[in-house]
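Number of protein chains: 2
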Amino acid sequence: MPLPEKALIARIRRAVRNKAAIITGIGDDCAILRIPTGHEALVTTDFSLEGIHFRRDWHPPDAIGHRCLTRGLSDIAAMGGIPLAAFLSLALPETLPQKWVDEFVRGLLRLAKQHDISLAGGDTAQSPSGAMADIVVLGSAPRGKAIHRSGARPGDKIYVTGTLGGAAAALEMQRAGKKLHPRNFPRYFYPEPRVAVGKYLREHSLASAMIDSSDGLSTDLAHICEESGVGAEVDVKLIPRATIGKSSRRVDINFALHGGEDYELIFTAPHKKKVPAKIDGVLITEIGRIVKGKKVVLIDTRGERKELNPEGWEHFSRK
Amino acid sequence: MPLPEKALIARIRRAVRNKAAIITGIGDDCAILRIPTGHEALVTTDFSLEGIHFRRDWHPPDAIGHRCLTRGLSDIAAMGGIPLAAFLSLALPETLPQKWVDEFVRGLLRLAKQHDISLAGGDTAQSPSGAMADIVVLGSAPRGKAIHRSGARPGDKIYVTGTLGGAAAALEMQRAGKKLHPRNFPRYFYPEPRVAVGKYLREHSLASAMIDSSDGLSTDLAHICEESGVGAEVDVKLIPRATIGKSSRRVDINFALHGGEDYELIFTAPHKKKVPAKIDGVLITEIGRIVKGKKVVLIDTRGERKELNPEGWEHFSRK
Numbered sequence: 001m002p003l004p005e006k007a008l009i010a011r012i013r014r015a016v017r018n019k020a021a022i023i024t025g026i027g028d029d030c031a032i033l034r035i036p037t038g039h040e041a042l043v044t045t046d047f048s049l050e051g052i053h054f055r056r057d058w059h060p061p062d063a064i065g066h067r068c069l070t071r072g073l074s075d076i077a078a079m080g081g082i083p084l085a086a087f088l089s090l091a092l093p094e095t096l097p098q099k100w101v102d103e104f105v106r107g108l109l110r111l112a113k114q115h116d117i118s119l120a121g122g123d124t125a126q127s128p129s130g131a132m133a134d135i136v137v138l139g140s141a142p143r144g145k146a147i148h149r150s151g152a153r154p155g156d157k158i159y160v161t162g163t164l165g166g167a168a169a170a171l172e173m174q175r176a177g178k179k180l181h182p183r184n185f186p187r188y189f190y191p192e193p194r195v196a197v198g199k200y201l202r203e204h205s206l207a208s209a210m211i212d213s214s215d216g217l218s219t220d221l222a223h224i225c226e227e228s229g230v231g232a233e234v235d236v237k238l239i240p241r242a243t244i245g246k247s248s249r250r251v252d253i254n255f256a257l258h259g260g261e262d263y264e265l266i267f268t269a270p271h272k273k274k275v276p277a278k279i280d281g282v283l284i285t286e287i288g289r290i291v292k293g294k295k296v297v298l299i300d301t302r303g304e305r306k307e308l309n310p311e312g313w314e315h316f317s318r319k
Numbered sequence: 001m002p003l004p005e006k007a008l009i010a011r012i013r014r015a016v017r018n019k020a021a022i023i024t025g026i027g028d029d030c031a032i033l034r035i036p037t038g039h040e041a042l043v044t045t046d047f048s049l050e051g052i053h054f055r056r057d058w059h060p061p062d063a064i065g066h067r068c069l070t071r072g073l074s075d076i077a078a079m080g081g082i083p084l085a086a087f088l089s090l091a092l093p094e095t096l097p098q099k100w101v102d103e104f105v106r107g108l109l110r111l112a113k114q115h116d117i118s119l120a121g122g123d124t125a126q127s128p129s130g131a132m133a134d135i136v137v138l139g140s141a142p143r144g145k146a147i148h149r150s151g152a153r154p155g156d157k158i159y160v161t162g163t164l165g166g167a168a169a170a171l172e173m174q175r176a177g178k179k180l181h182p183r184n185f186p187r188y189f190y191p192e193p194r195v196a197v198g199k200y201l202r203e204h205s206l207a208s209a210m211i212d213s214s215d216g217l218s219t220d221l222a223h224i225c226e227e228s229g230v231g232a233e234v235d236v237k238l239i240p241r242a243t244i245g246k247s248s249r250r251v252d253i254n255f256a257l258h259g260g261e262d263y264e265l266i267f268t269a270p271h272k273k274k275v276p277a278k279i280d281g282v283l284i285t286e287i288g289r290i291v292k293g294k295k296v297v298l299i300d301t302r303g304e305r306k307e308l309n310p311e312g313w314e315h316f317s318r319k
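Here the protein sequences line up with chains W and U, keeping their order.
Counting in the working numbering, the first sequence runs from 1 upward without gaps.
Counting in the working numbering, the second sequence runs from 1 upward without gaps.
Think of the hints as simulated: they come from the structure by calculation, not from any bench.
Some hints could be false.
Identical chains share a label here; the pair holds if one copy fits it or two copies do between them.
Said to hold, decoys possible - Derived DSBU-like pairs (lysine-lysine); straight-line CA-CA distance at most 35 angstroms:
no., residue 1, residue 2
1, K113, K145
2, K294, K246
3, K295, K99
4, K199, K145
5, K199, K274
6, K272, K178
7, K246, K157
8, K278, K306
9, K145, K246
10, K179, K295
11, K178, K292
12, K294, K99
13, K292, K246
14, K292, K113
15, K99, K157
16, K292, K179
17, K306, K295
18, K295, K199
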């Protein structure tokens, strides 16, 4: 086998230094982790599948590793949680070059280091087709303090971090055959999960509900409304649209409304709460308000109202 | 899409009732779980990939779901842990019949119920090729009490639960074209993870080291020796070989030595400890002893010694 599992595990094991939360990491039947006293455990799992979430000819391997972990960290961020450890299940085709695997792991571990977590375990297998990763992130939050999707109440304001639509617009350029340089599209190739922002919002009891924008504003805001039993109004002119590449032009509004994989946070806060304009250097923008009912309504630039239906970001299978 | 993700999630969500450990299950960015006071968290992840771990023409879908969860529960058992919740990441080909998915989930949830855990989350995606599942099981054990692979000491005795080689022998029959009826091969199609045995060994401080036999005796005992820095001697005549199907003949010794997926426990215990002959109705058999050095030696029926090399069970890719 060109990719012996044992060698891969040994390589990851060497690259990993156990953090305080990890009592036993790779090399036993289970990892053993310490959850801080008075905290609850947070667990999230996310696939990164070749042909669905990434393409090897479009995304450098270290960016694929980075994005793989971002998917998990962003879910921890959306609860206001603190990440403790990651677990990587990796199925690789026999023909995959060793260098690709090394770069994938390097990208993933670099982001892990930035968030002071390490790989505590996982699984490896030979893939019958493309490369497939499943990332698990374990985190924690003080008991009863994690921020749910279900806490939005009529009268709350709706906020987003950063800008929206950048990832979808960049993906569209790739679909159109453009070759993108990762350096010019950092939020697309190396999205930064908003862990510090989520933690700040939880520590300051600012957010009543929160979700990450991995599936796009229209879909993810609908999740908050569904779980909270409320409706929402969004002012289209307030939505912070991304600029991408070297252009200073804002991306098309449809990317910002429906494009996924920005890994920003969408949250609600009671209208009396003072939400800072920036948290941890990240722009916070008010885009609308929670209302009674079930509908998400978009108010366009002429003040006209129409229902905003979740378009359900489906990665590459969308088109 | 014939398999809309939302419908699948809704179906699983309906089938799942949250247990005490799960504060928030499916339907938020993360699951929130309560780890019992004074306990550490145990985490294990395992792939079940079509063509590698199962074949749809060989294994009924409920057995595939059952075996998928067994892989995780067996790892919890091997630490002496208590399972708390499972997470399922499931990527399915577009063409897969709905009935297959329902049966898969049914088999998995039936075993979950037996162990008083439920599905607390996961991910779904469309698979570019075969069906792929990644199971995560979260468990716990009292602080410092989980049983590691690394605790075996010279003089300890080596034990196994149940019988070995049954799964590999059944698989060999399928390879040879025989059609097996699941009812006649229960340990192969529906292996029972030894959670109660592992818990008993931990509670009675009997085991110094433990692992599950998912990769076969030769490979898994080598793991214990490697992590413990010891060698081992195994008496071939003591190894409890399985009988399978309607036959009362014991399987070939090579299946018992090298065959994987029996999901039994291999453990060591100081020679002064009194290990019961049965725990929770499961046969416990002494098969050898831990010695100084690094080698695993097999003592054959004529008393001759030869090194037992780990053959590294590779599921279907072995041949």
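Tested hints:
1. In this homomeric assembly, K113 and K145 come within 35 angstroms of each other (Cα to Cα) both inside a single copy, at 25 angstroms, and across copies, at 29 angstroms.
2. For a Cα distance limit of 35 angstroms, the shortest separation of K294 from K246 qualifies neither inside one copy, at 40 angstroms, nor across copies, at 60 angstroms.
3. Taking the shortest alpha-carbon separations for K295 and K99, only the inter-copy value of 34 angstroms comes in at or below 35 angstroms, while the best intra-copy value is 49 angstroms.
4. In this assembly of identical chains, the alpha carbons of K199 and K145 lie at most 35 angstroms apart whether taken from the same copy (10 angstroms) or from different copies (32 angstroms).
5. Proximity of K199 and K274 under a CA criterion of 35 angstroms is satisfied intra-copy only: 16 angstroms inside one chain copy versus 51 angstroms between copies.
6. With identical chains, the CA atoms of K272 and K178 are never at most 35 angstroms apart, being 46 angstroms at best within one copy and 71 angstroms at best between copies.
7. Proximity of K246 and K157 under a CA criterion of 35 angstroms is satisfied intra-copy only: 33 angstroms inside one chain copy versus 68 angstroms between copies.
8. Taking CA atoms no more than 35 angstroms apart as the test, K278 paired with K306 passes inside one copy only; the shortest distance there is 30 angstroms, against 69 angstroms between copies.
9. Taking CA atoms no more than 35 angstroms apart as the test, K145 paired with K246 passes in neither setting, with 41 angstroms inside one copy and 56 angstroms between copies.
10. Within a single copy, K179 and K295 get their C-alpha atoms no closer than 39 angstroms, and across copies no closer than 54 angstroms, so neither meets the 35 angstroms cut-off.
11. In this assembly of identical chains, the alpha carbons of K178 and K292 never lie at most 35 angstroms apart, being 44 angstroms within a copy and 62 angstroms across copies at closest.
12. When the C-alpha separation of K294 and K99 is checked against a cutoff of 35 angstroms, the pair qualifies only between copies, where the shortest distance is 33 angstroms, while the shortest distance within a copy is 50 angstroms.
13. Taking CA atoms no more than 35 angstroms apart as the test, K292 paired with K246 passes in neither setting, with 42 angstroms inside one copy and 65 angstroms between copies.
14. Proximity of K292 to K113 under the C-alpha cut-off of 35 angstroms is found in neither arrangement, the shortest distances being 43 angstroms within a copy and 39 angstroms between copies.
15. In this assembly of identical chains, K99 and K157 lie within 35 angstroms of each other by CA distance neither inside one copy nor across copies; the values are 47 angstroms within and 43 angstroms between.
16. In this assembly of identical chains, K292 and K179 lie within 35 angstroms of each other by CA distance neither inside one copy nor across copies; the values are 45 angstroms within and 59 angstroms between.
17. Taking identical chains as interchangeable, the C-alpha atoms of K306 and K295 lie at most 35 angstroms apart only when both belong to the same chain, with a minimum of 10 angstroms there against 73 angstroms between chains.
18. Taking CA atoms no more than 35 angstroms apart as the test, K295 paired with K199 passes inside one copy only; the shortest distance there is 29 angstroms, against 50 angstroms between copies.
Checked against the numbered hints above, the structure violates hints 2, 6, 9, 10, 11, 13, 14, 15, 16; every other hint is satisfied.
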